[in-house]
Amino acid sequence: GAVVSQHPSWVICKSGTSVKIECRSLDFQATTMFWYRQFPKQSLMLMATSNEGSKATYEQGVEKDKFLINHASLTLSTLTVTSAHPEDSSFYICSAFGTETNYGYTFGSGTRLTVV
Amino acid sequence: AQKITQTQPGMFVQEKEAVTLDCTYDTSDQSYGLFWYKQPSSGEMIFLIYQGSYDEQNATEGRYSLNFQKARKSANLVISASQLGDSAMYFCAMREGGYSTLTFGKGTMLLVSP
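Here the protein sequences line up with chains P and R, keeping their order.
Taking this note's numbering, the leading residue of the first sequence gets 1, the next gets one more, and so forth.
Taking this note's numbering, the leading residue of the second sequence gets 1001, the next gets one more, and so forth.
No wet-lab data here; the hints were simulated from the structure.
There could be a bad hint or two in this list.
Unchecked claim - Example chain P residues on the side facing chain R (calculated, C-beta under 8 Å, incomplete): (1) F28; (2) T32; (3) F34; (4) L44; (5) T49; (6) P86; (7) S89; (8) S90; (9) F91; (10) F97; (11) N102; (12) Y105; (13) F107; (14) V115; (15) V116.
Claimed, not checked - Derived Cβ-Cβ restraints for the label pairs, each shown as a range: (16) R:Y1099 / P:A72: 34 to 44 Å; (17) P:H85 / R:M1011: 17 to 27 Å; (18) R:N1058 / P:G16: 45 to 55 Å.
Just so you know, even glycine gets a beta-carbon here, dropped at the ideal spot from N, CA and C.
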């Protein structure tokens, strides 16, 4: 079946540094990649949508200069949290769209980011 | 107005019993899809079941079935014969028309007791 590999699964970084999260579709081409943020005991909040080769579309209230999304190929999308601060600590999860499996959507396993 | 409403923040069920998790939705599109996902404490999103708006029969996948009532705009998930491993957060989600974005409900935490 369709698999999306998300790395790292967890990361701790110092305040002010940048962190890159990768999502890679292993056996299909993802025409669209969605990036979500999730706080404890809350729902997934869509941050941005990216299509291969074009700029990401950010949801209202999401700082595009802080959360840089690159979708350079049909199998790889990255989210970079720049100049991270403790309030950026959260669970980030990607979802790739472009396969008939699971009716189109395959989620990565998520990244737990802690900024100290 | 919320597009996906899950009114049960938490549900308790005993092992081997059936449980229904509620989901109502709001859309003016004729073509839409409804999804249920399970999210255990590890955080991964596990696809459970899908119902298309034009599907005439309720979807079923093993112990999971979706009680689809189109006129009432509800898409409740029924889990039969609950197992301890079913304890998790459950999210209802919708895709509308030609858009590929999924809209999620707030989720229901299910706890299965022995």
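Legend entry - chain R contact restraint on F34 (chain P) - CB to CB distance below 8 Å: 7 Å, holds
Inset, instruction - Would you check whether N102 (chain P) satisfies its interface hint, that is, whether its CB is within less than 8 Å of any CB in chain R? - result: 4 Å, holds
Legend entry - Cut-off 8 Å, beta-carbon criterion: hint that F97 (chain P) touches chain R: With Cβ-Cβ at 5 Å, under 8 Å, it holds.
Inset, instruction - Just tell me: holds or violated, for the beta carbon distance of Y1099 (chain R) and A72 (chain P) against 34 to 44 Å? - result: This hint is violated: roughly 24 Å between Cβ atoms.
Legend entry - Hint status (Cβ of T49 (chain P) to nearest Cβ of chain R, threshold 8 Å): 6 Å, holds
Inset, instruction - Could you check if T32 (chain P) really has its C-beta closer than 8 Å to a C-beta on chain R? - result: The hint holds - T32 (chain P) has a Cβ within 8 Å of chain R, the shortest such distance being about 6 Å.
Inset, instruction - Would you check whether Y105 (chain P) satisfies its interface hint, that is, whether its CB is within less than 8 Å of any CB in chain R? - result: Check passed: Cβ of Y105 (chain P) comes within 7 Å of chain R, closer than 8 Å.
Inset, instruction - Would you settle whether the hint for S90 (chain P) is holds or violated, based on the nearest Cβ-Cβ distance to chain R being less than 8 Å? - result: Since the shortest Cβ distance to chain R is 11 Å, the answer is violated.
Legend entry - Distance restraint hint 45 to 55 Å, applied to the beta-carbon atoms of N1058 (chain R) and G16 (chain P): 52 Å, holds
Inset, instruction - Go through the hint on S89 (chain P) and say holds or violated, using the shortest Cβ distance to chain R against 8 Å. - result: 14 Å, violated
Inset, instruction - Using Cβ atoms only, decide whether V115 (chain P) comes closer than 8 Å to chain R, and label the hint accordingly. - result: 18 Å, violated
Legend entry - Restraint check, 8 Å cut-off on beta carbons, for F28 (chain P) near chain R: At 14 Å from the nearest chain R Cβ, F28 (chain P) fails the 8 Å test, so the hint is violated.
The structure shown violates the earlier hints numbered 1, 6, 7, 8, 14, 15, 16 and 17.
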